[in-house]
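**Student:** Sequence:
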Amino acid sequence: MALFRIVRASPHSPEETWLRLTTWERHADAVPLTRVTLRTPPPPDTGTGTGTGTHKGTVFVARSALGPLGFDDTMEVVGWRPPQWCRLEKRGSFITGWAEIEVHPAGSAGATVVWREELRIRGLPRRCDRPLAAVARTLFGRAVDNLLTSPYEKQLP
Numbered sequence: 006m007a008l009f010r011i012v013r014a015s016p017h018s019p020e021e022t023w024l025r026l027t028t029w030e031r032h033a034d035a036v037p038l039t040r041v042t043l044r045t046p047p048p049p050d051t052g053t054g055t056g057t058g059t060h061k062g063t064v065f066v067a068r069s070a071l072g073p074l075g076f077d078d079t080m081e082v083v084g085w086r087p088p089q090w091c092r093l094e095k096r097g098s099f100i101t102g103w104a105e106i107e108v109h110p111a112g113s114a115g116a117t118v119v120w121r122e123e124l125r126i127r128g129l130p131r132r133c134d135r136p137l138a139a140v141a142r143t144l145f146g147r148a149v150d151n152l153l154t155s156p157y158e159k160q161l162p
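The number in this note's numbering is simply the position in the sequence shown, starting from 1, with 5 added.
Since the hints were derived computationally from the structure, they do not count as laboratory data.
Please read these numbers as outputs of a predicted model, since none were measured by experiment.
Fair warning: there could be bad hints in the mix.
Claimed, not checked - Have a look at the derived ranges for each label pair, beta carbon to beta carbon:
1) W90 / G128: 15 to 23 Å
2) S18 / G72: 39 to 47 Å
3) V12 / D34: 18 to 26 Å
We treat Cβ as the ideally placed atom computed from N, Cα and C, and that holds for glycine.
Can you build the whole structure from these sequences, using the hints too?
**Tutor:** Here's what the structure looks like:
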């Protein structure tokens, strides 16, 4: 298992930071050669202000591919406490593990993001865990940076 942790400061409010990180389709813009598809319909608007259409049980797939070569990273939201915490279980045939995203208020208007993840790639020997964690920390760190800094049109509820 490759376990890694990313911590980032966000200039945005905790609510906007949350939306930027948990609008799953946006991850396709932050991760090269990837598209994200929701497999479950959003819940009816309950007025909770979560804004992303996600709920416990939401399933989405990040498909990373170059031409015909690719793989699906299937994820299910198994814990959901907006706008502070969520937990994803990775249930693909190639990548398994979990991820947790936390958003905490910081300063007068910003937020702190803590992203923890454990990755397992089927068939990859355990001796590769440390290098995999280092590469994943870099790639996911860049994705989080992109999600926090790229233009975002969605309005807070």
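**Student:** Now look at each hint and say whether the structure bears it out.
**Tutor:** Checked hints:
| no. | hint | verdict |
| --- | --- | --- |
| 1 | W90 / G128: 15 to 23 Å | 32 Å, violated |
| 2 | S18 / G72: 39 to 47 Å | 40 Å, holds |
| 3 | V12 / D34: 18 to 26 Å | 22 Å, holds |
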